[in-house]
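*Asks:* Residue-level listing of the chains:
Protein chains: 2
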Amino acid sequence: MTSYRILRARLGVLATAALLATGAVYAKGPSPEPIEPIKPHRVTHPAKVELGKKLWFDPRLSKSGFISCNSCHNLSMGGSDNLKTSIGDKWQKGPINSPTVLNSSLNLAQFWDGRAKDLREQAGGPIANPGEMAFTHDLAVDMLRSIPEYVAEFKRVFGNDKLSIDEVTLAIAAFEETLVTPNARFDQWLKGDKKAITAQELRGYQTFKASGCVACHNGPNVGGNSFQKMGVVEAYQTDNPAEGRSAVTGKDADRFNFKVPSLRNVALTYPYFHDGAADTLPEAVDTMGRLQLGKKFTPQENADIVAFLKTLTGDQPKMVLPILPPSSDQTRRPQPFE
Amino acid sequence: MTSYRILRARLGVLATAALLATGAVYAKGPSPEPIEPIKPHRVTHPAKVELGKKLWFDPRLSKSGFISCNSCHNLSMGGSDNLKTSIGDKWQKGPINSPTVLNSSLNLAQFWDGRAKDLREQAGGPIANPGEMAFTHDLAVDMLRSIPEYVAEFKRVFGNDKLSIDEVTLAIAAFEETLVTPNARFDQWLKGDKKAITAQELRGYQTFKASGCVACHNGPNVGGNSFQKMGVVEAYQTDNPAEGRSAVTGKDADRFNFKVPSLRNVALTYPYFHDGAADTLPEAVDTMGRLQLGKKFTPQENADIVAFLKTLTGDQPKMVLPILPPSSDQTRRPQPFE
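Chain order of the listed sequences is Z and R.
In terms of this note's numbering, the first sequence opens at residue 1 and continues consecutively.
In terms of this note's numbering, the second sequence opens at residue 1 and continues consecutively.
Calculated directly from the structure, the hints in this document are not laboratory data.
A quick note: this is a predicted structure, and the numbers were derived from the prediction, not measured.
Don't take each hint at face value.
Each pair may be met inside one copy or between any two copies, as identical chains are not told apart.
[Unchecked claim] Here are the simulated DSBU-like pairs of lysine-lysine, each with C-alpha atoms no more than 30 Å apart in a straight line:
hint: 1; residue 1: K296; residue 2: K54
hint: 2; residue 1: K155; residue 2: K191
hint: 3; residue 1: K162; residue 2: K195
hint: 4; residue 1: K318; residue 2: K54
hint: 5; residue 1: K39; residue 2: K54
With the hints as constraints, model all of the structure from the sequences given.
*Replies:* Here is the structure:
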């Protein structure tokens, strides 16, 4: 990615898109395509990952005892909940579409507005968000400290008796870092297996490049590495009040700038956009073409791009469902209805 | 179990309890103890089980797209939700404590009041219950039929193109039948490993037998094989309006008769009783002693019985989290907020 990224930074987005359309940037450098294969994750601390996996699936990190990380980032469903916006404590309607956790370690920041700089910072958010898990960090830590198996496991992993929220988010982030999806058919093609994708899928990729989609959706995560305005050529119509990046920077120029979502596993992560308004890939591709590129794709172009996007589904994380250590008699009981 | 069950049927519950207290029934027959080890489940149709597992974890069987079978019978948490009563569609408060799915194939019937004769009949219940998954069987089947991978998988498993709710519940039941928990330390002891349980745990078992607990909690599931009145010696005080078996039979004599819950994995399935009123095992043991047996256990007896009960935790089902087939463009989207 490096040479491509430097080039892109120099030329600016639109110029790059034009160059991409001519194919001029592919002639040189080690990375002839603007999309790169995902590398498998190498686990360096398996015990920390295993602890993080338990925390990921543990609904006792919510006030109700009903909502876990996996409720809204369901690893059976592309790391998302496939809802327009998520369901929080007491069935509150979430403000924004739940982004997939898959390959999220490759993003430049977390949340649609990038308000968390990394996975660790992100992980603490939903636990304490009154509209999501509705707990507090203190209560979450108290819960874990009341369970002897958790206490022992934190000690084994971190080598101390602290059991702090920092250790909780470190473990969750370590688990999340494992959730990459290598080996998509498109990655096989990138690596030289020219039979890994069909003629239509290849045509879709060529249209995707030639139309300028790759200006934002590039790199190993096919996105996730920049903030861009939703509605460049034409304004995006939505009832969703989220204004994106400006909520973080306070700058008016950042209004409606959102983190470009990854297109990895996009066939699994419907519905699309920050408001979840597009139910299907054909709809999302059509909207993106018109609003971001001023281009109305023909039905054939749309179908080709959709076919290409489906080649970005990688190996889903294969994992054994964790068995959670039971609460002790001292563990404060969940309060779903209070 | 056979000889013990016949004997018990002949003598009646109270007489049996008295006999058990003397140890008289242990002298003869092939089964010297009233509790029997759980046998591992032998899968005869792995493809059906695998399909059932997907359905088990699929929240698209609910109106909201958020609640799956596993939401209330969480296989990370002893097959239960560890809540007093469950959370249903739109955060409705359930009427009764969610029983564990573990070893439920060994029960004489399903639900606390036994209104479903088997797992297959049970499985259809929550999907269409407006207070639980709030869907309809027709909509559930429509959803599955709109997903090509599900269509193909049902065809492979059942050899036809029907894809009916009967096939859905058959597959879920086939999966549930695999959810047995053999190899508890107590089962190891039953099979002759006298070091598998401690002196206190053995003392607890002896008190459990001598006090008459085994009159209802017996067989391989340590319960689950009869309906009994909640509050024999002393009435059970609860705000919960459930009246148990009488809702099924219409007989006044069946009021407050509930299916005796299994004590397998009871350390994981808190809180206890049909209303989930007892948060801890010491509390549940104390209440059962007083209300069912007219016996106030000493703190030592209570602690011993609790120690014994914890030996009933068996090997939890070890399973790879399924990856669900994605919805197609034709799949009706969930309606969590409508």
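*Asks:* Take the hints in turn and mark each one as holding or not.
*Replies:* Outcome of the hint check:
Proximity of K296 to K54 under the C-alpha cut-off of 30 Å is found in neither arrangement, the shortest distances being 46 Å within a copy and 39 Å between copies. In this homomeric assembly, K155 and K191 never come within 30 Å of each other (Cα to Cα): the closest approach is 42 Å inside a single copy and 36 Å across copies. Taking the shortest alpha-carbon separations for K162 and K195, neither the intra-copy value of 53 Å nor the inter-copy value of 36 Å comes in at or below 30 Å. Taking the shortest Cα distances, K318 and K54 sit within 30 Å of each other both inside one copy (15 Å) and across copies (14 Å).
Taking the closest pair of Cα atoms, K39 and K54 come within 30 Å of each other both inside a single copy (24 Å) and across two copies (28 Å).
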